[in-house]
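Enquirer: Take 1 as the starting number for the sequence shown in the UniProt record's numbering and just add one per residue.
Hints are computed from structural coordinates only; laboratory data are not their basis. The beta-carbon is built from N, C-alpha and C at its ideal position, and this holds for glycine as well. Accuracy of the hints is not assured; some may be wrong.
Mimicking DSS-like on lysine-lysine, the simulated pairs with C-alpha atoms at most 30 Å apart in a straight line are [stated by the list, open to error]:
| # | residue 1 | residue 2 |
| --- | --- | --- |
| 1 | 213 | 264 |
| 2 | 281 | 264 |
| 3 | 116 | 146 |
For each label pair, taking beta carbons as the anchor points, the in silico distance ranges come out as [unchecked claim]:
| # | residue 1 | residue 2 | range |
| --- | --- | --- | --- |
| 4 | 153 | 45 | 41 to 49 Å |
| 5 | 226 | 200 | 19 to 27 Å |
| 6 | 195 | 249 | 43 to 51 Å |
| 7 | 226 | 40 | 49 to 57 Å |
| 8 | 323 | 200 | 31 to 39 Å |
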Amino acid sequence: RHDRGKISLFLAVLSQWRISVANTKRKLPPSFSRKLRDIHETVGLPITFDCGINGSEPIEVTWYKDGAQIRDGYNVQISYINKVAVLQISQTDMSLSGQYTCTASNAIGTASCSAKLILTGLTKIHNSPLILLYGISSLSYKLKGKMPPFFDIPITHVDAVVGDSADFECHVSGTRPIKITWSKDNRELRTGGKYQISYIENIAHLTILKVDKGDSGKYSCHASNEVGKESCTAQLNIKERQNPPTFTKKLSETVEETEGNSFKLEGRVSGTQPLMVAWYKNNQEIYGSPNCELAFENNTILLLIKNAGPADAGLYTCKVSNEAGSTLCTSSILDHSPLRSSGLKLGESSDPLINAASALQMEQLS
């Protein structure tokens with residue numbers, strides 16, 4: 001009986017395994033019954049990629065362009081109905097050229113196929129006016145294998161200082177010959193005077209010499225050929241020249257302080273505003289307090305210790321800075337308080353740094 005039970009259990013497991021294998025065999029990974037095909041189309045016209053997909057449902061379909069996923073949008077429609085995956089683009093432009101991939105996946109596996117979208121410019125075949133290519137098409141144009149100009153590297157915003165030069169540069173592609181023009185605030189610029197214009201090896205360049213405030217504004221580069229035209233725009237911002245700060249009146253190199261009295265450090269600075277002032281004692285920043293007044297007014301800097309003590313002796317540094325740079329000025333405060341039980345000599349501090357500064361100052365004076 002025990003053996004019969006084992007045999008029954010084995011047969012039950014074997015039966016379940018056979019059912020599982022049979023179910024697995026019935027499920028199929030995705031495959032393409034009809035793959036994508038390359039599309040050669042005129043820029044501005046709609047295009048449709050479609051492919052047939054076999055495999056066990058549910059199947060998830062995803063589209064990619066040059067490796068980046070594509071999603072539904074106002075110009076793009078994606079569908080998967082009756083085992084047919086479709087990608088429609090209502091209106092093309094040159095940026096949509098590239099490799100498109102359809103990926104189908106289910107619980108069993110994944111499959112992909114790819115094709116290229118090649119967009120080409122239009123050329124005129126009769127005397128109708130040339131229409132804009134990026135978005136509008138016309139039956140009066142036929143495919144000629146020519147490319148309208150486009151900026152693969154457009155101009156970018158420029159900041160310049162009064163008196164310096166400003167440069168705009170961009171790279172243009174398309175069927176030659178390409179005509180390049182420049183404009184400022186929609187008014188055409190020509191070479192001469194303060195403007196230098198060049199177009200060499202697909203690189204368009206504009207230099208504005210010795211800029212001033214009146215040169216600020218929007219600058220545009222326009223490219224055109226027999227197939228179409230394009231432009232790009234950037235802003236030129238002009239800033240006043242910044243003068244770094246400098247001390248026109250330096251702090252006193254050495255100041256003697258006596259306990260209970262006050263002492264002050266005062267100087268004058270010049271430079272482009274805004275100027276920022278910071279004070280340091282023995283390389284540690286100090287701030288205003290009831291006993292320490294810090295002021296900066298009319299380019300005059302002031303540090304005032306109202307009730308001096310031995311702890312106020314040290315090496316004081318004033319740092320003044322703006323966008324153009326910074327400058328430092330240093331003063332040694334020596335403690336000349338009455339002698340104490342500490343055994344310090346007159347003019348000697350418990351801080352070795354102060355003693356060294358004092359000794360150096362005395363050596364220079366002698």
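Enquirer: Each hint should be assessed against the structure and marked as holding or not.
Expert: Hint-by-hint comparison with the structure:
1. 213 with 264: violated (43 Å)
2. 281 with 264: holds (14 Å)
3. 116 with 146: holds (18 Å)
4. 153 with 45: 41 to 49 Å: For residue 45 against residue 153, whose Cβ atoms are near 27 Å apart, the range 41 to 49 Å is violated.
5. 226 with 200: 19 to 27 Å: holds (21 Å)
6. 195 with 249: 43 to 51 Å: The hinted range 43 to 51 Å holds for residue 195 and residue 249, with Cβ atoms some 45 Å apart.
7. 226 with 40: 49 to 57 Å: Violated: the Cβ-Cβ distance is about 20 Å, outside 49 to 57 Å.
8. 323 with 200: 31 to 39 Å: At 36 Å between Cβs, range holds.
When held up to the earlier numbered hints, the structure conflicts with 1, 4 and 7 and fits the remainder.
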